[in-house]
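Asker: Please model the complete structure; the sequences and the hints are all you need to start from.
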Amino acid sequence: MGLLQQLLGGGQQQEYQDFVNRYDQGAPYEGITGQEALNRYQQIAPQLPPDVYQQSAQEAFSRMAPQDRIQLGQYLQQGAQQQGINFPDMNRDGIDDRMQDPNYLAQMAGQLHQQQPGLMSQILGGAVGGGGQMGGGGMMGGGGQMGGGNIGNMLDNPIAKAALAGVAAMAAKRFLGQG
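Heads up, the sequence shown is in the numbering used here, so the first residue is -14 and it goes up one at a time.
Just so you know, not all the hints are guaranteed correct.
[Said to hold, decoys possible] For each label pair, taking beta carbons as the anchor points, the in silico distance ranges come out as: (1) N6 / D36: 23 to 31 Å; (2) P102 / D9: 23 to 31 Å; (3) Q(-1) / Q20: 16 to 24 Å; (4) Q52 / Q(-3): 31 to 39 Å; (5) G11 / P51: 15 to 23 Å; (6) G69 / E15: 30 to 38 Å; (7) Q(-3) / A50: 27 to 35 Å; (8) I70 / D9: 30 to 38 Å; (9) Q20 / Q52: 20 to 28 Å; (10) N71 / Q2: 34 to 42 Å; (11) D36 / G162: 12 to 20 Å; (12) P31 / D9: 18 to 26 Å; (13) Q(-1) / Q66: 39 to 47 Å; (14) D3 / Q68: 32 to 40 Å.
Because the hints were derived from the structure by calculation, they are not lab data. Positions of the beta carbon are idealized from the N, C-alpha and C atoms, including for glycine.
Answerer: Structure, rendered in structure tokens:
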């Protein structure tokens, strides 16, 4: 967490405060670009202990509509399975009413983060389509490839942007003394 304290305590504190303020205004995906959401997530998330990551995710996911949380859960579930990470209690059909629960979804994201810290941004980088809809090729898009090469697709996905920005903003808020 030393790097996180350096980021939030040094010259970038005002930048992070601005980021948190923009996240707090309006819908969680307005006022923040997809690239900024990804950058802030990648700067902050790897520095977080598991409990702080999960608490930040729970706070962020609680701001999302239940239908958006279900879709986020499906993105995470499918992406994890493609990476060979299975959760014993997940349904095979991808529809799990528990994904509406921000606590359950935060636990799921926390498990992913612990098992493979960069995986959530990789998974959400493959989520395609405007308005939070999956494209014709499913979560991966046209060529069926998922991963770092598809990060640009995330820029148009409000669900992915809200999730990444939310975890980063809620964690930053904690360390800025606001949460």
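Asker: Decide, hint by hint, whether the structure agrees.
Answerer: For each hint, the structure was consulted:
no. : hint                    : result
1   : N6 / D36: 23 to 31 Å    : holds (25 Å)
2   : P102 / D9: 23 to 31 Å   : holds (26 Å)
3   : Q(-1) / Q20: 16 to 24 Å : holds (19 Å)
4   : Q52 / Q(-3): 31 to 39 Å : holds (35 Å)
5   : G11 / P51: 15 to 23 Å   : holds (19 Å)
6   : G69 / E15: 30 to 38 Å   : holds (35 Å)
7   : Q(-3) / A50: 27 to 35 Å : holds (31 Å)
8   : I70 / D9: 30 to 38 Å    : holds (32 Å)
9   : Q20 / Q52: 20 to 28 Å   : holds (25 Å)
10  : N71 / Q2: 34 to 42 Å    : holds (39 Å)
11  : D36 / G162: 12 to 20 Å  : holds (18 Å)
12  : P31 / D9: 18 to 26 Å    : holds (23 Å)
13  : Q(-1) / Q66: 39 to 47 Å : holds (41 Å)
14  : D3 / Q68: 32 to 40 Å    : holds (34 Å)
Taken one by one, the earlier hints all hold for this structure without exception.
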